[in-house]
Amino acid sequence: MNAASAPRQGARRARLLAIDENGHVSHHRAADLPSLLEGGDLLVANDAATLPASLQGTHLRTDRPVEVRLAGGHSLAAHDVTRFTAVLFGAGDFRTPTEKRPDPPRLQPGDELALGPLRAAVVRMLSHGRLIELAFNHPPAVVWEGIARHGRPIQYAYVPATLAIWDTWTSIAGRPVAFEPPSAGFVLDWAMLRALRSRGVRFATLTHAAGISSTGDAELDRLLPFDEPYYIPRSTAVLVRRTLRRGGRIVAVGTTVVRALEHAARLPGWVLPGHGVATQRITSLSHLRVVHAIVSGLHEAGSSHYELLRAFQDDPTLQEMTAQAEARGYLAHEFGDLVFIARGRNTFSRRLTA
Amino acid sequence: MTDPSFIRLRVAVTGGTSGLGRSLVRELLDRGARVAFVARHRPDVERTMLDFPTAHGITGDVSRKEDVHPIAIQILGALDGLDVLINNASSLGPVPLRPLADTDCEDLELALATNLVGPFRLTKALLGSLAASARSGGRPVVVNISSDAAVTPYENWGAYGASKAALHHLSRIWDAELTNEGIRVVAIDPGDMDTPLHALAVPDADRLTLKQPETAAREIADQIAAPANPADAGLHEVAQ
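Protein chains in written order, with the numbering used here: chain A, 1 to 354; chain C, 1 to 240.
Here chain C stands alone, though its shape is the one from the complex (with noise of 0.2 Å):
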C-alpha cells in the first residue's frame, strides 16, 4: 500500500536480489518509494527486473573498490539524486561457519569488505546526494544492516560478528557526525530471518522459528519513515 512518506523517495538498496533486500524492494515500491538495487550478479539481476519491473537494477560487487563509484553513479543516473541508502548486502564469511582460529585471514578480509568497507565507500561517495537531500528538505537516511551478531560474541561467527560490530560503531559515530547535515545514520538488525544466508550459516535450522524476511523490511521502512529522533541513534533492534 502506498505511504504518503514514500512517494518519491529515492531509495537505493545494496543485495537486491534475494533475502532480506529482495523483499525491501518490494516493499518500498509497494509504498510508492523509487528504488535502485545492487547485487553481484547479472542473471540475478535481470531476473529480479522481470518481478519488479519499476525498480532499477545494477550489477556490481560493493566489496571491490573499483565498482563502487561505477555502482554510485548508475544509482545517481537511475534515481536522479538519493534520499535512502540501505546497505544491506553481507558477506558470512567462511562457511561452514568455523572457529576465529581456523578462520584464514583472508576470509576475515573479504567480511570486512563487504559488511564495513564497502558500506563505508559507498555511503561516502553517496554522502554528497544524502547532503543534497537535506538541503533541500528531505530527511536522507543511512540504513545499514547489523545483526545480533555484532553485539553477542556467539562462537564460529566471528568474522562476521567482528565486521557487522565494526559497521555498527561506524554508524554510530558516523551518526553523530553527520547530524548537523541533516543525515541520519542508523544500524538496524533485523533478526535472525528465514534467508539464503541464514540457510547458508545455520542448514539445520527450524525455519517456522526464523522471522519472514517480508516481515522484517516493513518493519525496516517503518523506520525509514518515523521522524529523527537523536535518541535512536545506535544499533535498533525491531521487534522479534
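So here's chain A without its partners, still in its complex pose (with noise of 0.2 Å):
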C-alpha cells in the first residue's frame, strides 16, 4: 500500500473503510465517520499532543554526529522529563529511509551527547545497540524548553516535506506527551464534534503517551510498543461505565486508546480512571472487554498496529479489508486514510464472551 506522503491530506479529505461486526466491508468518506456511530456510543480519543522529539546533536566522546529519537517517557507527570528512553541514529535525518541510516557511534553508559541547548548522557544501554535510556542534566524548565525549540517532530522518509509541529497536532491536542501523532485523531475537528453530538454520541478523550512506530531496524521494531504511560480521567471512566451500562458501544480512535482502555479494564463493564502504565500487546488472542470498534490508520501486515487490530477482526476479513484497501488505492500510515473495524463475531473476544 501507498504511504500518505503529505501531512493532513488524510483528515477531512481522506477515504474510510468500514467493517461492520459480521465481517461487511463499505466504503465512505472520512468525514462521514460520524453516520456509522450511534446515539448512545460513545466515542474515545487520545488527546496527547505530540512533542518535536527528534534531536540532532552531537556524540561527544567521538564527535560523530548523532539523531536522538526520544521514544518513551516513565510518566505523564510534566515534571518527570528528565529520563526517556531514546533510538540514536548515526549522521543524517528523516530524508533517508530509517532501514538505510548508519548506526550512531557504539555507545556506551556515562557518553555525552550535546542537543542543541541541551546536555544528556546515556545511563544505560537497553536490550538494543541503538536503544538507550537517557538523561538531561537539566532542571525540567530547561528541558521543555529545549525539546520545544530545538526538535523537530519524528517523521520518514515517506513524507519529503519538513513538517512543522501543528502539522503533527490534531485538532484536539492536549498535554504534549506523545512521541508521534496518535494519527487517527486527524480525523477529529471540531466541526465533526458539533455533528457528534447532535447525533447523541458521547465524546471522551485520554491522555496517552504514543510512543515511536516504528525504528527501521527489525529486531528493534519487534519490542515495539514499548511500555506507554497513560491517564484517564474519571469523567472518561464514568461515561465509559455509563455508556456499557446502556447498552451503547465504545469506539476508540486510534490503537492507543485501546491499549489504554484495555489495560484499565478491571472488571466488566469498568476502566479504572487515573494514571498507569500500558505494557500489554494487543493480539489476535486478547479478549477485549471494553471496546466495540476501532477508527485507524492502514498499517502493514506484521506491524503492531495491526496485529491490534486482529483482536477486531479474523485474518480473512483483514485480509480482505486490504486487498480492497489496495485495489482502491487506499494511502497508509499517519497522515493517510482510515479504517473503522467493529469488533466481529467471530474474534477470539466474541467467542469468550458469548
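Note that these hints are calculated values from the structure, not bench results.
All figures in this text were calculated on a predicted structure; none of them were measured in a lab.
A hint or two may mislead.
To be verified - List time: in silico EDC-like cross-link candidates among lysine to aspartate or glutamate, alpha-carbon distance up to 20 Å:
(1) K211(C) / E181(C)
(2) K124(C) / D80(C)
(3) K124(C) / D189(A)
(4) K65(C) / D167(A)
(5) K124(C) / D167(A)
(6) K124(C) / E66(C)
(7) K100(A) / D189(A)
(8) K124(C) / E181(C)
(9) K100(A) / D221(A)
Two chains, two separate frames, one set of hints: put the complex together.
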C-alpha cells in the first residue's frame, strides 16, 4: 500500500473503509465518520499533543553526529522529563529511510550528547545497541524549552516535506506527551464533534503517550510498542461505564486508546480512572473487555498496529480489507486514509464472551 | 489573598513582564493560581521570575508563527494543562501614533500579528487543553485583553484600534462556537492604565488620571472567577 506523502492530506478528505461486526466491508468519506455511530455510543480519542521528539546533535566522545529520537517516558507528569527511552541514529535525517540510516557511534553508559541547547547522558544500554535510557542534565523547565525550541517532529522519508510541529497536532491536542502523533485523531475536527453531539454520540478523551512506531530495525521493531504511560480522566471512566451499562458501544480513535482502555479494564464494564502504564500487547488472542470498534489508519501486516486490529476481526476479513484498500488506492500511514473496524462475531473476544 | 476559585487554577498570561500583564501575574499568584507567563525578552522574563519565583517564565514572541507551538508546549509543560489563557501581549502599531494614511502596511501587519493572529494561534494551540479542562469539570476561559479603541474610532489609533476590533469580534464568535464545549471566550477592556504601553501612546498624559494596572488586574481576576453567563459574551467594560 502506498503511504500518504503529505501531512493532513488525510484528515477531512481521507477515505474510510468500514467493517461491520459481520465482517462486511463498505467505503465512506472520513468526514462521514459520525454516520457510522449511533446515539448512545461513546467515541474516545487520545488528546496527547506530539512533542518535537527528534533532536539532532553530537556524540561528544567521538565528535560524531547523532539523531536522538525520544521514544518513551516513565510517566505523564510534566516534571518527569529528565529521563527517556531513546532510539539513536547516526548522521543524517528523516530524508533517508530509517532502515538505511547509518548506526550511531558505539554507545556506552556515561557517554555525553550535545543536543542543541541540551546536554544529555547515556544512563544505560537497553536491549539493543541503538536503544538507550537517556538523562538530561537540566531542570525540567530547561528540558521543556530545549525540546520545544530545538526538537523537530519525528518523521519518515515517505513524507518529503519537513513537518512543522502543528502538522503533528490533532485538533484536540492537549498535553504534549506523545512521541509520534496519535494519528487516527487527525480525522476529528470541532465541526465533527458538534455533529457527533447532535447525533447523541458522547465524546471523551484520555491521554496516552503514543510512542515511536518504527525504528528502521526489524529486531528493534519487534520490541514495539514500548510501555506507554496513560491517564484516564474520571469523567471518561464514568462515561465508559454509563455507556456500557446502557448498551452503547465504545469506539476508540486509534490503537493507543484501545491499549489504554483495555489496560485499565479491570471488571466487566469498568475502567480504572487515573494514571497507568500500558505494558500489554494486543493481538488476535486478546480478549477485548471494553472497546467495541476502532478507528485507525491503515498499517502493514506484521506491524504492531496491524496485530492489534486482529483482536477485532479474523484474518480473512482483514485480508479482504487490505485487498480492497489496495485495489482502491487507499493511502497508508499517519496522514493517510482510515478504517473503522467493529469487533467481529468470529474473534477470540467474541467467542470468550459468547 | 488566596481565593478558593483560584486554587490549583492553571493560568497563562502573555506579555507578563510589564504593565497589566505583570500585575495579572502578581494578582493571580496572590489568589493561589499556578501561573506561567510569556514575554519576548529573556532578561525581562528572568527579572520577573526573580520577583515571582513561583511563576514559570517563558521566552517567546506570540506574533511569530514559529514561536507559538514552542510557547504552548512550555506552558503545558509548566502547568500540566491549562484552565485560563489571558492574551494580554499587545502592540500599539507605529509610534508615535499617526493617521492611517501615514501608517505603513508593514506596521498594520505587525499590529495584526501581535493583537489578532498571535492570540488566535496561541488559543488554537491550547484549545485541546482548555477543552480537556472543561470535560474534567473545569470552567476554562480565554481572556482577550481589548480596548475602548476596539469600539470607538479614535484618530491616530488606526492600526491598534482595527486590530483590537477584530480581536473583539473574534472573541464573540469563538465564544458562541465554544459554548457547547464549555469554554468561555471574553474580550475585556481594562480601561486607560498607567502602563509603559500607554506612556508610549500618550507621552504627555496626566498619569494621575489613569487607572493603576493592579486595579485592572483585580477586576479581570474577578471576572475569571465569575460564573459563566451567556449574557456575558462580548466586550466587558470593567468599572472605571
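Okay, the hints, checked on the actual structure:
{"no.": "1", "hint": "K211(C) / E181(C)", "verdict": "violated, 35 Å"}
{"no.": "2", "hint": "K124(C) / D80(C)", "verdict": "holds, 17 Å"}
{"no.": "3", "hint": "K124(C) / D189(A)", "verdict": "holds, 12 Å"}
{"no.": "4", "hint": "K65(C) / D167(A)", "verdict": "holds, 13 Å"}
{"no.": "5", "hint": "K124(C) / D167(A)", "verdict": "holds, 13 Å"}
{"no.": "6", "hint": "K124(C) / E66(C)", "verdict": "holds, 14 Å"}
{"no.": "7", "hint": "K100(A) / D189(A)", "verdict": "violated, 36 Å"}
{"no.": "8", "hint": "K124(C) / E181(C)", "verdict": "holds, 14 Å"}
{"no.": "9", "hint": "K100(A) / D221(A)", "verdict": "holds, 15 Å"}
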